[in-house]
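Please take these sequences and the hints and turn them into a complete structure.
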Amino acid sequence: MKKILSGSIIGITVGLILSIILSFIKDGSNYYPLSMYSTMGHIYYEHLTEIQVMVLSVFYWAIIGIIFAIGGIIYEKGYALLKSTVLHFILMLVFFFPVAVLAGWFPISLYWILNFLVMYLIVYTIIWIIIYFYHRKIIYDINKTLSSKK
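Letter by letter, the sequence shown follows residues 1 to 150 in UniProt numbering.
Think of the hints as simulated: they come from the structure by calculation, not from any bench.
All values reported here derive from a predicted model rather than from experimental measurement.
Do not take every clue at face value.
Below, in silico cross-link-like pairs of lysine-lysine (BS3-like), each with a Cα-Cα straight-line distance of 27 Å or less [what the hints assert, rightly or not]:
(1) 149 x 137
(2) 149 x 77
(3) 137 x 77
(4) 137 x 26
(5) 3 x 144
(6) 77 x 144
(7) 83 x 137
(8) 3 x 83
(9) 2 x 77
And the structure:
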């Protein structure tokens with residue numbers, strides 16, 4: 001329950017910050033919680049009020065945060081690093097991609113889907129490398145401390 005709550009709060013916070021930054025870059029004078037140019041953005045802005053679009057966006061940001069918070073459990077299961085990484089990568093993509101589409105992050109076209117997949121792979125790899133070296137340093141420091149106590 002704690003992971004779900006913290007994941008949703010982090011997801012909402014990150015979603016809000018990114019939407020403000022992207023709105024500033026794209027327009028500078030109007031706020032859009034999702035891309036007006038996306039397939040879902042067209043549908044939402046055509047059929048919903050701005051408040052409804054915002055509430056829907058917050059809901060999707062929370063879901064994205066929960067997906068990533070719960071996904072971290074895979075690494076706690078004690079699987080080999082390669083198995084954990086492949087499983088985590090696939091599960092996050094399978095659950096994250098449809099929510100990203102519903103959240104109106106990009107138009108539904110082959111170009112944008114491939115663009116999303118490439119960006120997902122790049123960002124995932126960068127984050128994985130950072131976390132790997134962070135934990136490697138922690139393990140090194142622990143081993144150094146333990147060997148100095150002998």
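Now for the hints, and whether the structure bears them out:
1. 149 x 137: 19 Å, holds
2. 149 x 77: 30 Å, violated
3. 137 x 77: 21 Å, holds
4. 137 x 26: At roughly 40 Å apart (the allowed maximum being 27 Å), residue 26 and residue 137 break the hint.
5. 3 x 144: 32 Å, violated
6. 77 x 144: Within the cut-off at roughly 26 Å; holds.
7. 83 x 137: Distance of about 22 Å is within 27 Å: holds.
8. 3 x 83: Between residue 3 and residue 83 the Cα gap is close to 22 Å, so the pair holds against 27 Å.
9. 2 x 77: Given that 27 Å is the threshold and the Cα spacing comes to 18 Å, the pair holds.
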